[in-house]
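Asks: Read top to bottom, the protein sequences are chains R and H. Counting in the numbering used here, the first sequence runs from 1 upward without gaps. Counting in the numbering used here, the second sequence runs from 1 upward without gaps.
The hints are simulated quantities; they were obtained by calculation from the structure and are not laboratory data. In this text the structure is predicted, and so the values were computed from the model without any measurement. Accuracy of the hints is not assured; some may be wrong.
[To be verified] Here's a subset of chain R near chain H, in silico, CB distances under 10 angstroms, partners left out: (1) V4; (2) R28; (3) Q31; (4) F33; (5) S43; (6) L88; (7) F97; (8) Q98; (9) K99; (10) G105; (11) L109.
[Stated by the list, open to error] To be clear about the criterion: a stretch of chain H counts as covered by chain R if any three or more of its residues have a C-beta under 8 angstroms from a C-beta of chain R, and this derived list gives those stretches: (12) 45-55; (13) 97-106.
All C-beta atoms, glycine included, are put in the ideal place defined by N, C-alpha and C.
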Amino acid sequence: QKEVEQNSGPLSVPEGAIASLNCTYSDRGSQSFFWYRQYSGKSPELIMFIYSNGDKEDGRFTAQLNKASQYVSLLIRDSQPSDSATYLCAVNLNTGFQKLVFGTGTRLLVSP
Amino acid sequence: NAGVTQTPKFQVLKTGQSMTLQCAQDMNHNSMYWYRQDPGMGLRLIYYSASEGTTDKGEVPNGYNVSRLNKREFSLRLESAAPSQTSVYFCATATYGSYEQYFGPGTRLTVT
Numbered sequence: 001q002k003e004v005e006q007n008s009g010p011l012s013v014p015e016g017a018i019a020s021l022n023c024t025y026s027d028r029g030s031q032s033f034f035w036y037r038q039y040s041g042k043s044p045e046l047i048m049f050i051y052s053n054g055d056k057e058d059g060r061f062t063a064q065l066n067k068a069s070q071y072v073s074l075l076i077r078d079s080q081p082s083d084s085a086t087y088l089c090a091v092n093l094n095t096g097f098q099k100l101v102f103g104t105g106t107r108l109l110v111s112p
Numbered sequence: 001n002a003g004v005t006q007t008p009k010f011q012v013l014k015t016g017q018s019m020t021l022q023c024a025q026d027m028n029h030n031s032m033y034w035y036r037q038d039p040g041m042g043l044r045l046i047y048y049s050a051s052e053g054t055t056d057k058g059e060v061p062n063g064y065n066v067s068r069l070n071k072r073e074f075s076l077r078l079e080s081a082a083p084s085q086t087s088v089y090f091c092a093t094a095t096y097g098s099y100e101q102y103f104g105p106g107t108r109l110t111v112t
């Protein structure tokens, strides 16, 4: 089992819809969860992080964490074509140093 | 404020050649990381440095060496490049104690 798993997609949604991106992780000791956005040919950009169970909202983005199910998700409301990118989920390793394990990413396509 | 910078942006090497990838940051972060990103494999940690003067192996260190020259700079060296090292290389930084990592623009390396 991979440490962090994401569906590679592409996930296609129409403009204005809600995009839901999902991520599961294997280490029950993980405490920190991150979502990065990566446009084609560019570097990953941190857009959200969540440490506690429940929801965390930032503008059009909502991160959801369920530690019991080892599941973290990212909702993008009112999706725009500019949201088309690959979204990487990252989870800390419970190893005593601040290392992250990244999923392979989900490609999101928002059509006008 | 440049954030995290990487040089060069692109490089083509022949098998067996050596080169050093440079990373510099002006974010006053203690921790620095080198990742490689390959299609379908996601971001994989090569080496990291918790602070000036310390370096440790990540998931895929074979064929690479690193130097933490000072707090700002962290270089990655390929002593004898192989086609399997064709990849996009990202440097990232984080403040000590934080899992939030910030990425440089990347170096696209091709080994023929």
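Asks: Taking each numbered hint in turn, which are not upheld by the structure, reported in ascending numerical order?
Replies: As far as the earlier hints go, 2 and 11 are violated by this structure, in ascending order.
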